[in-house]
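*Asks:* Sequence:
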Amino acid sequence: MRRRTPAVALAVALVLTACSSGGDEAGGGPPPADVTTTTLAPFAPLTGLPLTDQARLARPALVVKIENAPASRPQSALDVADVVYEEIVEGGITRFLAVFHSTDADLIGPVRSLRPSDPDIIAPFGGLFAYSGGIPNFIDILRKTPGITDVGVDLLDEGPDKPYTRRAGRTPPNNLYTSTSKLYPRAPGTGTRPPGRFAEFLPAGQAFTAAGATPAVNLTATIGITTVVFNYDAQSMTYRRSGLVEGAGVVAPTNLIVQFTSYVETDETDLTNTTVEKAVTVGSGDAIILSGGMAVRGRWSRPSATAFTTYTDASGTPIKLSAGRTWVELARNGAAATTR
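Numbering (my numbering), first residue to last: 215 to 554.
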């Protein structure tokens, strides 16, 4: 990418500190260096699922930027991330922000560059952010985001003994890969903590329901130029999407959210002179929330970059998600999205 005109680097606000409905005591921010952290409640804060491994509970989130251009498919590790955001970038293609915490992945990628939407999206999670470069203005904003540790390739380099490696059989730039085991050792020695509240989760065994909920076994949505199709599998109670995982695997989140938002132009362009856009994720708008074979058309709201987004149903009541992985599709306002 190249710069068109200088943009002012803005620092986003502090990470939200809260606990999950799974009873996690882990979301209160980094403990003082001289205070012993108490035993964390055995629930993963980003999924609400049981997790007894105290080392995993106490570690920070790790967000990895993953490509979704056709040449990058199939990708690795999107199926094991706790939370995934899909955002529109130049030319209408999409990229992913995959948030890891409760699980590990030996191969993650292909890793690509950050965009101006990213600091706002990941700020509440805190933790580590892995990516492969970007426009200096956007990198500066990222590095000024409180709670985020930059573990991008420009700082950590690449090679056999480095966190990033070029994978044989893949064509550049879609051949850069990493893993959780290589990146987590780069976490700061102090101030690490698990992420705060991503969502409220329903108690185990409680069915997903909300005002205006209707049966939904399929979602078809337009995200940029990408047609996204998820089909509900009643046996696993997940929404399955093919083509994004190596081998025979599919991504299968328990919760699926389409968050309609505006995309605004920045003062930067890419190498083809296309203006770089930013997704507006602070504010409010329409949303479709799917879980347990049901769909709710409601609203999303986020008062500031310090807060996670909340979702409400037709009556204005906050929606509780089912325990499990969650995908968020950041659709452009007015984009087609149907459930059936």
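Do not rely on the hints blindly, as some may be mistaken.
As a list, the in silico BS3-like pairs of lysine-lysine whose alpha-carbon atoms are at most 30 Å apart [said to hold, decoys possible]:
#1 Lys534 <-> Lys492
#2 Lys396 <-> Lys358
#3 Lys376 <-> Lys396
#4 Lys358 <-> Lys376
#5 Lys396 <-> Lys534
To be clear, the hints were calculated from the coordinates, so they are not data collected in a lab.
*Asks:* Given the hint that lysine 376 pairs with lysine 396, does the C-alpha gap stay at or below 30 Å?
*Replies:* With Cα atoms ~8 Å apart, lysine 376 and lysine 396 stay inside 30 Å; holds.
*Asks:* Below or equal to 30 Å on CA atoms is what counts here, so check lysine 358 against lysine 376.
*Replies:* Since the Cα atoms of lysine 358 and lysine 376 sit roughly 25 Å apart, the hinted pair holds (cutoff 30 Å).
*Asks:* Does lysine 396 pair with lysine 534 here, judged by a C-alpha cut-off of 30 Å?
*Replies:* violated, 34 Å
*Asks:* Run the distance test for lysine 534 versus lysine 492: straight-line Cα separation, threshold 30 Å.
*Replies:* holds, 28 Å
*Asks:* Decide if the proposed pair is consistent with the structure: lysine 396 and lysine 358, CA atoms, cutoff 30 Å inclusive.
*Replies:* Holds, at roughly 24 Å.
In summary, the structure is inconsistent with hint 5 from the numbered list given earlier, while agreeing with all the others.
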